[in-house]
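Taken in order, these protein sequences are the chains called A and B.
For the first sequence, our numbering begins at 53 and goes up steadily by one.
For the second sequence, our numbering begins at 268 and goes up steadily by one.
Note that these hints are calculated values from the structure, not bench results.
Among the hints, erroneous ones may be present.
[What the hints assert, rightly or not] To be clear about the criterion: a stretch of chain B counts as covered by chain A if any three or more of its residues have a C-beta under 8 Å from a C-beta of chain A, and this derived list gives those stretches: (1) 300-312; (2) 331-337; (3) 354-361.
Since this is a predicted model, take the numbers as computed values, not measurements.
C-beta atoms are modelled at their ideal positions from N, C-alpha and C, and glycine is treated no differently.
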Amino acid sequence: KAGVTQTPRYLIKTRGQQVTLSCSPISGHRSVSWYQQTPGQGLQFLFEYFSETQRNKGNFPGRFSGRQFSNSRSEMNVSTLELGDSALYLCASTLGTSDGKLFFGEGSRLTVL
Amino acid sequence: GNSVTQMEGPVTLSEEAFLTINCTYTATGYPSLFWYVQYPGEGLQLLLKATKADDKGSNKGFEATYRKETTSFHLEKGSVQVSDSAVYFCALSDLSYDKVIFGPGTSLSVIP
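Chain B on its own, in the form it takes in the complex:
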């Protein structure tokens, strides 16, 4: 079945450091890929998405490129801020209906 794997956390970075969170997926067909973020005490919210191979999703300085050849969708940001501290979830959508499958999440802490 479809699944998503993410790098283990927690990840701790200093402010202005470069961020990469690895994500790989297993799926049949051509799913859409997503990154969701969950700030402390809040529900998840969509950060960015990509719907086909080589698409790049971007938002709030975060980027991720849909790589079909490596089945990956790694999240990157050039300079993290304390306010980026959150849990990040990689996800894919089942093509039939609104069934979104999430990875286990990666906790990020950014220290001043």
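If we strip away everything but chain A, and leave its shape as in the complex, we get:
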């Protein structure tokens, strides 16, 4: 069974640009969550989608957005990038049964110059 796949793995952007990250969940998983991981803040919850609907949202500005498609694949977008957005963005999928057991991808490492 293929795991959670995130693309791209690494990317470099400059301030003011925007970026789109993609996540393909494990087959059959309907819930996708996104986290931002930084050395200073640890893992911060961004949002969670289930069946194309955003169910939960963390405390991030509106520049951070996401969506989920009918095949459960998800994308997140960050507009008007700032230096502080440099981080590892992790995607996790679950069946959506609220048991908290997350399956993580390897992440997309974003560097903003």
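Could you slot chain B onto chain A? The hints should help.
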């Protein structure tokens, strides 16, 4: 709101030493508790979980007991190996949906 606190790292131990990583939480209701591990260059993976008070989660020689009276979920292992070097995250799940809240992580280095 819900939150998780872990002991500060990094922690450095010799091989075969005893490991304890402290974790306490603040939550309403009865959350499920987890330990996740992140090996170098990899994403997080679930190490163990406990869903109610006094439950003990265990895996790969690691154990943690859900203590509601002390709101704690400390991770222990009797004899660590070099391959256990990783970052360990304590976490709790929001009961409503799949929102998992993580602690800051504790980096463990095991030296031969």
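These are the hints, each one checked on the structure:
| no. | hint | verdict |
| --- | --- | --- |
| 1 | 300-312 | holds (count 7) |
| 2 | 331-337 | violated (count 0) |
| 3 | 354-361 | holds (count 5) |
Hint 2 from the earlier list is the only one contradicted by this structure; the remaining hints agree with it.
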